[in-house]
Each structure stands twice: as C-alpha cells, then as structure tokens.
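**Student:** Sequences and hints are given; from them, build the entire structure.
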Amino acid sequence: MRVQMTVNGKAVSGEVAPETLLAQFLRENLRLTGTHIGCDTSQCGACVVLCGGKSVKSCTMLAAQAEGADITTIEGMESPGGELHPLQEAFRQNHGLQCGFCTPGMVMSAADLLRQNPSPSEEEIRHWLEGNICRCTGYHNIVKAVQAVAAAK
Amino acid sequence: MKTFEYHKPSSLDDAAKLLAQADAVALAGGMTLLPVMKQRLNSPSVVVDLAALEDLRGIRENESKGVVLGAMTTHAEVAGDALVREKLPALAELAAGIGDAQVRNRGTVGGSLANNDPAADYPAALLALNGSVHTNKREIAADDFFAGLFATALEEGEIIRHLHFPIPEKAGYKKFPQPASLYALVGVFAAKTNGGVRVAVTGAGSEGVFRVPELEEALGKDFSPESVPEKLSDGVEEKLLNDIHGSPQYRAALITALLRSP
Amino acid sequence: MSDNGHGIGAPVKRVEDFRFLTGRGTYTDDINRPNQTCAFFLRSPHARAQIKSIDAAKAKSAPGVVAVFTGGDMQCGGIPCGWQVTDKNGEPMKEPPHPPLAKDKVSHVGDQVAVVIAESLSAAKDAAELIAVDYEVQTPVVDMEKAIAGGDVVHEEAPGNLCYDWELCTAEGGAKEVDDAIANSAHSVSLRIVNNRLAPNAMEPRAAIGDYDLASGEYTLYTTSQNPHVIRLLMGAFVLGIPEHKLRVVAPDVGGGFGSKIFHYAEEAVVTWASAQIKRPVKWTAERSESFVSDAHGRDHITDVTLALDAEHKFTALKVQTLANMGAYLSTFASCVPTYLYATLLAGVYTTPKICAGVKAVFTNTVPVDAYRGAGRPEATFLLERIVEQAARKLGVDRVELRRKNFIAPDAFPYQTPVALQYDSGDYHSSLEKALAMSDWEGFAARKKESAANGKLRGIGISTYIEACGIAPSAVVGSLGARAGLFEAATVRVHPTGSVTVFTGSHSHGQGHETTFAQIVAEKLGLPMENISIVHGDTAKVPFGMGTYGSRSLAVGGEAISRALNKIAEKARKIAAHLMEADAADVVFANGEFAVKGTDKKKAFAEVSLAAYVPHNFPHKSAHDDGEGLEPGLEEQAFYDPLNFTYPAGCHICEVEVEPETGAVTVAALTTVDDVGRVINPMIVEGQVHGGLAQGVGQALLERAFYDDNGQLLSGSMMDYTLPRAKDMPPLSGLQTATTETLCAHNSLGVKGVGETGTIGSPPAVINAVLDALAERGVTDIQMPATPFRVWSALQEAGK
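Protein chains in written order, with this note's numbering: chain A, -10 to 142; chain B, 5 to 266; chain C, 118 to 917.
In short, the hints are calculated from the structure, not lab data.
Honestly, I wouldn't trust all of these hints.
[Stated by the list, open to error] Rough simulated footprint, nothing fancy, chain A against chain B, three-plus residues with beta-carbon under 8 Å:
#1 34 to 45
#2 48 to 55
#3 106 to 113
Every residue, glycine too, gets a C-beta built ideally from N, C-alpha and C.
**Tutor:** If you want it as structure tokens, here you go:
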C-alpha cells in the first residue's frame, strides 16, 4: 500500500506492506536512522518521534496510521541553518548523553513535554520521561538538560 | 508481525461490516494490539483502523448519563480535558497515570476497555462509576460488560462508540504500578454516587476487574480513608493474581493500603 | 605539556555528541550492505531437550527464503572461553562444546537451533514457523544447589554440573587454618547472600552483519562489540578458521555494552559463515525479547560468608563459599569473573589477615552468565559490606567506626593483600570522611524523625569499597590462567600539517573516548581538539587492541596512547633540533612549540610535522644504518602491558525512605566519593558515576532475571524486568558525587578508571540503607532486589 506524510517538513511517500511500522518506514524507506528501536514492548522510547507535535512511539504505530500526518524526527530538530535545537544543545552542555542510542527519543519526548509545559518541575520532568529508558546516564544530566531549556524560555 | 489487510473505513457501518469478517480486529490506538501482533501472539488477517470515525470522538456532558467519552478519545485528551477535570477529576487523574506520555498520546479509552487487560485502569473506573458502554448495536452496563481476562460482552463486529461515566458525589483512584510495565499492580477506584458506594479493583484479580463488597459496605457508612479496614477478609485473596511482582496477600494488602492512604 | 584549556583535567564537551544528538550516529543496525539478506534465528522454547530431528524442507521453499541452516550444516569450532581456571585439585575447568547452532541438544531457552536467511525479515520469520523441530523435552537443571546435588546434568562433560571447584586461600594451612581462626576469634557473624542475576540491557540490541567478498576472499563482520580485535581473534582462530588478514571486524557506534558486548556470540559467527555460503551479506538484529534470552546475563551468586573479629573488633578471618552460575555454556570471560575478579577482591579495604574463598562454578540450563559492569567485584563488595554491616549490628558497635578501625592505613601502601593483589595506592579514610560530611551523616536522625512524622521509615547505609581495574597485567593474569594478554595498543599518526590521528584498540560505546583520549593528545602535544581524531572500532584501521571492559580504557588504552605520544614528542624533538641546528637535549617542547633553551629559536609542532614528511635536509638513515640517522615520517606505536591492576576505591552513602504499607522504597539521597586517580575529564567522570549508580540502584531495588523451575525466564521483557527510570533515581539535590585523588603508582597518567565504581560501590549502600530503615521493625536481612513486594513481605515476616 502507498503511504504519504510530511516528515521534517518535506512531503514523502512510499510503498509499504500494511504491517510496516512507522519506525521501519522512517529507518528503512527514508533512511532516517536517528530513530532507534530498543525494545519490542513499547517501553524504552528510543523510537519516539513527534506526530502532529505530540510524542509517539514510532515502533507502536503503523506507517499507515501516520497517513497524512506531520512527523518530526531527531533529524528535523536542527534549524534550517544547521543550528542545534535548544534541547540538543542543552543535552551537549549538560552531558545528557553517553552512548547516544536513547538520545533521539529522549530529545523528542522532552520537546513534547516543553511544548505543553514550558516550565516543568523536576518531578514533572521525571514523571514525563517514564516512557524513555536510558541505561548510561542515570538520568541526572538529562533532567538537568531539560531544566536548562525550560529555564531559558 | 504477519501481514494483513488494512482498512480505514469512514463510516461506522462499513467498519462493522469489515469487522464481521473472520479474523478481523479493530485498531484504535494500537497500544496493546500492535505489541502482541509484533510478537505474533495475535495475527489477524484484517485490521480495521477506527481513526476516521468521527462518531467515536469527542468529550461531552450528558445530563442523564454524565460525562460521555468518544471511544477514540486518547488518555492524554481525557487527562487534559476541562470538562472531565471539573466533573470527574478522578477519571482525569486516572488517565494521566496510564502508561507513559507516549502511550497516553495514542492509547484510547475505547481500546483499553475493549481489550480488558486485567491490569488496565479504565475498567476500574467504568465499573466503580457504574458507567455504560454504547456500541453500534446496544448499551451495555458496566456490570455486564467485563467477562474475565481480555474478554468482554462485545460481539463480533460490535464497536464501542461512547463510554458513559456518571458523575459521582465523590470519587478517587489510586494505583500502585507494577514497577516494570507501569500497568496497575493494584488499582482501586472508589466512587460515591446517589446509588451508593462502589469500589472496583484492577490489576489484582485473576479474572480481571472486580468489585469488593466489604469495602463498599465500609465506605458506604463513611466515605473516608479512615473507614477502610486494615485488612480484607481472607476469602478475597483466593481470586487474586500471584506472579513475580506480588502474591495475593500482597495485592490484598495494597488494596487497603491504597484506599487508606490520604 | 600544555595549557590550552582542553588538556588533562578540563571538562571538555564531548566531540561525539553532535552526531548522536542529530541522528547521525552509525550503529550496526543503521548499516545496510548492497544485496543484503536478513537472518532470523529460530531459538529453543525449551530449557533442556534432545533434538531428535529438524525438518526444514518447508521453510527452505517458503517465499523469499534464501537459505536455512542448522547445526549439522555448520562444520566449525565451538564458541570458546578466553580464560582457563584450574580447580583446586589441579584439574582444568570443564569446557563443554558450544556450537554456534545447536547440534543434538538445546541447553537453554533461547539457544540457537536454526537460522533462516531471507529477502526480508518477515519472510524469514514466516519461514521459521515452518521448521519442524522434534524435541525430546527433559527436566531442566535450573537451581544451582540442586544442580550440584546430583541428578540431571546440563552436559555429560561436566559431571555434577561443576565447571570447577576452585579455591583461593591465604593461609598455608588452607581452609582449615581459616576455620580455626574463625573458631578461635571472639566474635563471628555469618550471612547467606544471593547476588541477583541481571540482564544487562544495553539500549542498543545486539546486531551483526556478515559480508563475504568473493573477489578478495575477505570477510567483514559489522558487530555491536566492545572489542572488535578480540572478536576477530576468537571467531577467526577458534570458530571459523579464518586467518586474521582475511577477516575484518568493525564495531561502529555501539549503543552501550556494560560487559554484555565483550563476548563473542554465536550469531556473529553464523552470519559471517553464512555470508560465504550464500555469497551475499547477512544481517541480524536482535529484538529485545531475544536479547533477554541470548545476551549473557550477569552476577547470579549464592554465597555463605563468615567474618570473624577479635575482642577489639579487628577482623581476624573471612570465609566465603560461593556458587557461581555459568549458565548453559562458558561465555568468553565467564570463568574468570567469580574467581580472578572476585575472590582476589575479598580483602576489600580492610586488613583481614586470613581469607579463604571457595568457588564452585555451576552449569545450569539458563542463558550463559558473564561479566556485567563490575564483574565479580560488585559481588565481592556486596558480601563484604553486608557482612561488615551485620557485624556492626550484631556487636552493637558503630558501623563507621568498625570500618575505620579495620581500614588499611594510608601509609601502608604498597599493601600486599592475603588474596594475591598488591594495592599500589589509596586513602580510604579521606574518601570516607568526605562522604560522611557531604551526606550530613550526623544530621540523619533529624531527617528520620521527619520521615516518621509522615509515616515513612528512613534509613541510611554506607559502603566502603575497592576494585581492581585496568584489566589486566599480563604477567598476573597469565599466571592465573588467561589465555590472552590483556595489553593495549595505540598508534599515533602525525599528519604533515600537524594534525593527529590516534588509532586505539580501546572501543568507545558511550564512554567518550573520542574526547578523553583527544585531551591526552591536546595536553601532550599542545594541539587544539579540532586537530585531533580518535579512531577506534575497526580492525582494518586500528592495528591491534584488546578493547574496552574492566575500566581499562584509560588506565591501559590511554597509557598506551600516552606512551606513543612520548615517542612522537621525542622524535619530533630530534627533528626540531636538527631544523634549529641545536642539540636535542637543549630543545624543550611546551604548548605545541619546540624552543631552544636560552635562545628565541622556535618551531611550531606543525612545522616540525611537515619537515618529517618533506625531509629535504634530513640526516637520513643510510642503507647501513648506524642508528644515528632519522627516518622520515612521524608515526609511533606503543603496546602497553600494565604492571599491576589499578585500585579505585571510595565511599558510597545512600539514604532511603520506605513506605511500610506498600513496601515502596524511594532513594532520597546518594553520595559518592570515589578515588579514581587523576581525572582527565571531570564531566565525563561524573557521568560515568551517575550511570553506574543507576545500575547499582537497579540491582539493589529493581532488577532480577527470574527463572522458574522449567527454565523459563519470567522477567524476559521490559514488561517484567524493571530497568531504572528517571523517577527511580534521587532528585538532583539528593545526588552528590565527588572525588579524592591518590595517583596510580604504575602508570604515567596516574589514572585508575571510573567505569565500574557505581555498580560496585552502591548496591550495598542501598541495601544497608533499606535494612537500616527496616531495623526498627525487626527486619535483619533482605536479598536484592528489595522490591516493594520483598520489602513488604520482610515486614510481614518480622511482624509475626
């Protein structure tokens, strides 16, 4: 079947099998490999992208369900001029990443949080990030990075 | 997952016809269906996506039936909705505590109820509030809806359109999450309505959501944490789950602990 | 040396972050080779069964299938174990065969039975369902104590399911002398400790692509590995018989390892071999549920420990008897973890004079168990810090004072322990005192009172630990039975314009080597960071290496780089001296410039580099080299074999709050003071500590790979295996990390390693805190993980 959507501001389409997950469509059809797959039970959040501005787990959504949707992946977070998104910059400044595998999902998830709640408390940040698992950082610097962006707003 | 035919009908009738086929499943948010399909525990040949059915959307108030949620309303929508927060804050709180943020953005109230996972949150609310399920065929009272683990009164081709949640005088939902999955290890919904007090427990029951008459009786006398007994009578444990996250005794203790917590 | 702000000690932001933050990292699963096929492994659903027959005919003819292979098709060596342990009777350990694809039997749930290679993954999965395996299911061996009690065996080659029965005993009189010492001591205290089995769960699942090039006869394996050269050696030499010059192993960006990606796994060998059979690349990526039953697990010990004390509460003797689970097969490092990396640590930071440790390594029908972050040292530390705590409670003495009294004194170094190791440096008092002050140990009573007013039980716990890192001095581990030397290699190539590429055998999978190692170069050569590249993870680029594990990257790999840099500086100085017509002894090198002492003659590093490659007026070496001339070029290599382990040590303090009605434990505060030697990048060091602490908290409170009696892994997905989340860690204000510094005495950088401090030091601090909280309700012991259910159950039991 054919699917069409907007990904990182560009109209894209592709021929996929119905069972194709959005994550697979992004990684395999569009070669946007910044979206990662870390589990098969929708727990880890490495695959989080924005769908219509809301964070979703792209491994738990069919590409067909994203028909006509506006998708943003980690590759779409930089400004057109190549400047890092404030969250990306804050993760760098605060050492909020180590192996980098969970990082795209963390950044996308945090972006959704800050969209709805521009100045979350530490507790709200930790609660929001329940759907994103990081095995490297112990979350401390991730929470600091999200806070730093919130404080700068 | 195995391949299937994908349909996204734009009318309820078309959806019902598609779902009447053998081996067809309805896809709402997909938060539980897609993971089991990925693991090939469920491999339907037809998937009917309900996302285009406008009739299944929206949140409104109905004078006689209380808060009405479209089946495709997401948990995040329920949690953030001004009407729900005003009339049924316990339900908004329940929705805000389901899964994680991404699950709440996709998962739907109708999908959760139709799936009737023994550890899902909504069944406790529907049962405790004495709500009802409105399908394309009929209205089903909460007491008649749940039929054991992952089983409901829904028939083949029957689609949930709306959920009706009567507005209680007072209600509250407390959950102790299973630490790994964040599903309810025990979730307790207590509601005081003009028809009396109802207490429904999810997560703990070996047959899914269930009511606890002894707690209803105690809370019926005085709807406050102080009136909850410290311990449930021994018989209750017999119908509780036993797994690596908790024994029946532990789950029983959580039921009262949650209700007794301020 | 330099002062350019990027050198040693500077919190330089990481070089690698840009690519990871923008989705430009290249992990193995991101790689696709032309004409690639997809592999799916059919795995055993049974823990123990004989394979009577496999019928793959239907699968072979299914749509999209390229090939199906089973054990009978793959004539090759078995997956080897890298370390040998000799048991106390002088017998070598038992090494049952470990075929990459099962031959006649399966030995754990998840064992590879067949591989289906197809045009797409779904075609491979569909076809795998058509393979008919006739299993004769047998009663599995799951429980270690039952396993050694006689009865069913996992392997005929290992009677009684024993891999080895090993002993490390201080005393000349052996175990009896230690038993006598215990019997003759004024006090003794005993505990049974279960060190819970863990599933490592690096966020990136394992993946491997085999790519055979028919034109050159060369094989390339892209794999999620912490040590590509080790994989090349093990797979090439022992499994597939491919000489090293025909085998390239690439470990690109790797999404965390924590030990689980050290080992050579069957899937790597199968895809490499299969790519030559079908003459197309073969790609496999694990799904998480596969990871749970195929990645080597960690820990899994049952230990009886007794500590004896004299009337003044000085430790007199320690006896330890451990059952260590090996799982169904010996994984690469498995045999050394509960021996050389465990029993040798049992002196801890204490002066216990007599120690005897007996270790029985046991085969069971479970996933192989091997090194997981800390590897052996967390197990040793946990039992020591639990038994010391228990002794303090039993004797009614202050637990901090008891530790102080038994510490090895700061002036006692080098200190020879009774269990083989010689500690080179340390100061356990200073890390303890600093941690006590930072955690406001003295103010705990007030906080406990406040918690009590809210109906909560509050506890505080402490752990003072040491670890042996920088694996490994070849002479030491060689004498212990390692079959490989665990040195490290580095090549430093200075380019004609003065930029530098370092080729290191250490591998970075989150640690930030591309930054830390560059800082060493920046320091030593006075170059800006942007002029330095660190290359790792590809055997075709990096001449040799042993990889990253055991907190060895800096202490061994970094030291190798440092030594190669010294050679570069020395040669460059000769070139500079020649260019400036000065005596090399008069040339000083600082901040990237060579200067002649007492003159204003200077040459920038880049000028000297260029001269090395455009050697128009060089005193070249002649055909009959007299040793005086200079070769053109500026590239040096160093192999570094450490003289000793390094010994990071420190103090971790944890404060918890327990909700008695539900058993829920909240980590309110964690304070760590670690002596990791010289710190190259404090930001990265702190990050390593944070991550280790999360895994330590995970082991103490959340994580457990739980097998039932049928050998089924009940916590086999993230739905049942609890990984720490953001809310499981203390709030920002409650997490304090600091360092103290005693320099490593035997490497020039003075570094000790930081990767494992968190998982080694913190679990006992957390559990001691939980027990401190529960003490008022009569609870005296609890096993890890102290889940809400366990804590609640302990409270019920104590309340009876």
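**Student:** All hints, please: hold or fail.
**Tutor:** The hints, checked one at a time:
1. 34 to 45: holds (count 7)
2. 48 to 55: holds (count 3)
3. 106 to 113: Held - the stretch 106 to 113 of chain B has 4 residues with a Cβ nearer than 8 Å to chain A, which meets the minimum of three.
Hint check: no violations occur; every hint is consistent with the structure.
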